[in-house]
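Participant: Spelled out from the first residue to the last, the chains are:
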Amino acid sequence: MEHGVPLIVGVGLTDHARKSHWPARLDLAQSASGLVLALFMWGHMAFVSSILLGKDAMWTVTKFFEGYFFFGRSHPWIVSIVVAMVIALVVTHALLALRKFPINYLQFSSFRGHMRMMRHEDTTLWYWQVLTGFALFFLASVHLYIMLTRPDRIGPFESADRVWSDHFWPLYIVLLLAVELHGGIGLYRLAVKWGWFGSADAKAMRRRLKLAKWALTAFFLVLGFATLAAYIRIGVEHSDRYGERYVPAQLQTSPVPAPAGGDLRSPR
Amino acid sequence: MTESAAMPSQSISPESAQRKVRISVLRYNPQERGSVPRMQTYELEEADGMTLFIALNEIREKQDASLQFDFVCRAGICGSCAMVINGRPGLACRTLTRSLGSEITLAPLPVFELIADLSVNTGKWMRAMSERLQAWVHMKQIEVDISRLEERMEPELAQKIYELDRCIECGCCVAGCGTARMREDFVGAVGLNKIARFRLDPRDARTDADFYELVGDDSGVFGCMSLLACHDVCPKALPLATQIAFVRRKMAGAGWK
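Chains B and Y supply the protein sequences, listed in that same order. The first sequence begins at 2 in this note's numbering and counts up by one. The second sequence begins at 7 in this note's numbering and counts up by one.
Okay, chain Y solo, but in the shape it has when bound (with noise of 0.2 Å):
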């Protein structure tokens, strides 16, 4: 699966005919004063195989180096590209020019703060909710003895957890999601996610009473409305329904007690 991730998520259509794609940008940015929200049409000729990332940069390169937008590795891994396209979540680097219309509308990740144009901080998000949901192996001992071998984990819950640890904390989930675009403390299914994945892992030692102080409410599992954008976008293809699902289910149960 990590294979089929780094690659651009349509196919290459063998027609090699190159049109005129006009990508329109809502522009804004909030450091510079006088700046106000417009939007702004750059025109490119579409290339072969040409994503949105490679169509960004080809526009900073040649028509408005003001532009601003993220990304690191333009291999799906980084998850810095997220950004609105078409009106929905998406990375630039896993899309493909030639799926999309000649018109193509870009707009900044709403929820997150916004950098400048399409530059968005997921990052300062993504810290706070880890910080919130305490989003790391809660081991048994304090004291960690590098000579003892690991504890031994059968392939398969490995692989499980390794499934959800996929999540390349993109933002795109949160942005597709409308209790997050109504409430700004739900933690979004990246947060749920996480809950779900040190649930799995056995050297984590918290108890669902444990997990149910960090997510048994309506900011945690229980504001969740199943609208399921966020399992619809979220570019590593995670099972978030599923585990949104899990979740609620053993909260439910720590809850009802």
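Just chain B, with the same shape it has in the complex (with noise of 0.2 Å):
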């Protein structure tokens, strides 16, 4: 029976305002350029991490981002076009990400008793994954500068001499412990929060993702100090003859080592 009366759904929403879309696209895009860096720290660590494969291997690495495979010379320019989309959704995430840290101490005391009070692990990383994006505002800035306005120093012996005559070492601890929990967590907490890997259990679906979660932390931390150890050794090796560059064994019979920017087989 039809009474033919007007929907009554919704009383009262017609007459309010709107809501804004806002909201859903900021926090769709906080995700998404959250993944973005998740994804590219897990690259950047394959590519840093060739150094333990041999100075030759990161060489080859470096001069293929810097098109030399693909042009016949290096462009590090095209190093830096990537370091500013990078330092771009950095900043757009650190912005984004703001929106949910505690606004005034009242916020921050409130969240803290409340996660000493839970003792309850996830609400625990939340608190890890705010002090650990608060700290990449600074440290990733720093390292992010160097690697925009010197993208030409990068190298087996470039990037070792800033790791140590540079002393760029403790802040690399920092960084790297701080964005592979920062990046665990975040990438752990995106799957729960959008229901990635949906399953009946979930609970069980959980206890995997927070297993893959830890165990990719611990992958990329014993890489991570693996690397940079290998470094700090080639660092202090080469700090006599601080600022020369790495010429691969190949190229080494050229008459002049050929400077970065260039052709490395025939010198200008």
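If you are wondering where the hints come from, they were derived from the structure by calculation, not from laboratory data. Mixed in with the good hints, there may be bad ones.
Mimicking SDA-like on lysine to any residue, the simulated pairs with C-alpha atoms at most 25 Å apart in a straight line are [claimed, not checked]:
| # | chain 1 | residue 1 | chain 2 | residue 2 |
| --- | --- | --- | --- | --- |
| 1 | B | Lys64 | B | Trp43 |
| 2 | Y | Lys242 | B | Ile88 |
| 3 | Y | Lys242 | B | Lys64 |
| 4 | Y | Lys256 | B | Ala33 |
Partial list, computed: chain B residues near chain Y (C-beta under 7 Å) [what the hints assert, rightly or not]:
| # | residue |
| --- | --- |
| 5 | His22 |
| 6 | Ala25 |
| 7 | Lys101 |
| 8 | Tyr106 |
| 9 | Met119 |
| 10 | Thr125 |
| 11 | Phe138 |
| 12 | Val193 |
Each residue gets a CB set at the ideal place from its N, CA and C atoms; glycine is no exception.
Please assemble the complex out of the two chains, which come individually in their own frames, going by the hints.
Facilitator: See the structure below:
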């Protein structure tokens, strides 16, 4: 039986100003920027850790990203462009993540008291995510600015000199810890936040996700510290030749080592 | 699930060796002039199968008639006896003292208005939340014809809706939520679960755009930081993590357009 009466759905809703769509977009943008940055960091670690395979391997990776194997000469500005994009992503992500930070001491102390009371792992992990995120504002900025302005100073000797002789190693130790903790927790949170890897047994899936999260964090921390140790070792050995660029064995027959940014096979 | 929900959540130990338990209660009565928050400890002998609800009643009966706490059903159905047990929200009637150490600390649920001692006004908060989220079925027609058969619903769908309707509004998810502790306008898992429930219901004619008007902001689903303590402390074992993720996906889709 039809009464011909209009819908009464959303009673009162139509009287209100429609809600902004921005909260949804900002939430999606925060997750998307975080995902891209976390995946970028995995790739970054893979490339940086190529030093563990030898100086030539790291040199090859570096020159690959400078376009050497495509254009026949190095273009470090390509790296600068990628770094500029990463900086833009970091700033965007930081800006969006700030929405979730405690905005005053009352909120901060409420959360900390809550965390201590609950002793609940995911709650505590969020606190660590905030702390490491805050630290990354500063730590990542230093690293990214150097990469942006001196992309030609990336290489087996060049990076090692920066790590050791330019005293970047303390910064990199803290940066590594902050990035791996923040990224690992962030990826795990993304998965549970959006319900990826849905399963009938949500609890078991969450246990597996957390196990994977810790395994990945441990893997990247071990890999990261091994890589940093390798750069420190090279940096110490190379400290008396600070500033000298690395030239791989196959190119050392050139009369003059090729400068960065130029054709490595024929001196300018 | 209903049967198991009504039973204490821990198995009873066959050991009958009795021990003394010390229960420290955060006491404060804001209605009483001169009352200050303080911890008061009671000692009692543990009985077999003793729940915190039984222990608190024994304390009130034999030691301190002024101790205030709420209960109605003593079976995990009414949600009245929710409190913070050793730092985590839970139901007193579903918590065996044997599952805890001999030192037990009890406090009222945070977030909610304190009545006195362990008694809080969850009803006031829940009503405000329900009104704000319009947590009822919004039918297509105003007039109800009781002579007409109800629309049919697939048993599987009815079961899914029933699963989410098992929420007893005890407030544990809200008290366990880090976001709710920081931002008092957050709707909490209980509210988001309601949205998921009404969205499932084919009798409810609201669209995702309508639901977005209710929870499409930082006091709604986008305020959730996915700490998931709500899921972990829910005494009814509701799939809150899954439901919040579901609502988030739907609201993100509705808001993105």
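Participant: Hints first: check each against the structure and report whether it holds.
Facilitator: Going down the list of hints, with the structure as the test:
{"no.": "1", "hint": "Lys64(B) <-> Trp43(B)", "in the structure": "19 Å, holds"}
{"no.": "2", "hint": "Lys242(Y) <-> Ile88(B)", "in the structure": "45 Å, violated"}
{"no.": "3", "hint": "Lys242(Y) <-> Lys64(B)", "in the structure": "58 Å, violated"}
{"no.": "4", "hint": "Lys256(Y) <-> Ala33(B)", "in the structure": "16 Å, holds"}
{"no.": "5", "hint": "His22", "in the structure": "5 Å, holds"}
{"no.": "6", "hint": "Ala25", "in the structure": "2 Å, holds"}
{"no.": "7", "hint": "Lys101", "in the structure": "6 Å, holds"}
{"no.": "8", "hint": "Tyr106", "in the structure": "12 Å, violated"}
{"no.": "9", "hint": "Met119", "in the structure": "6 Å, holds"}
{"no.": "10", "hint": "Thr125", "in the structure": "9 Å, violated"}
{"no.": "11", "hint": "Phe138", "in the structure": "19 Å, violated"}
{"no.": "12", "hint": "Val193", "in the structure": "5 Å, holds"}
Going down the numbered hints, you'll see the structure goes against 2, 3, 8, 10 and 11, while the others check out.
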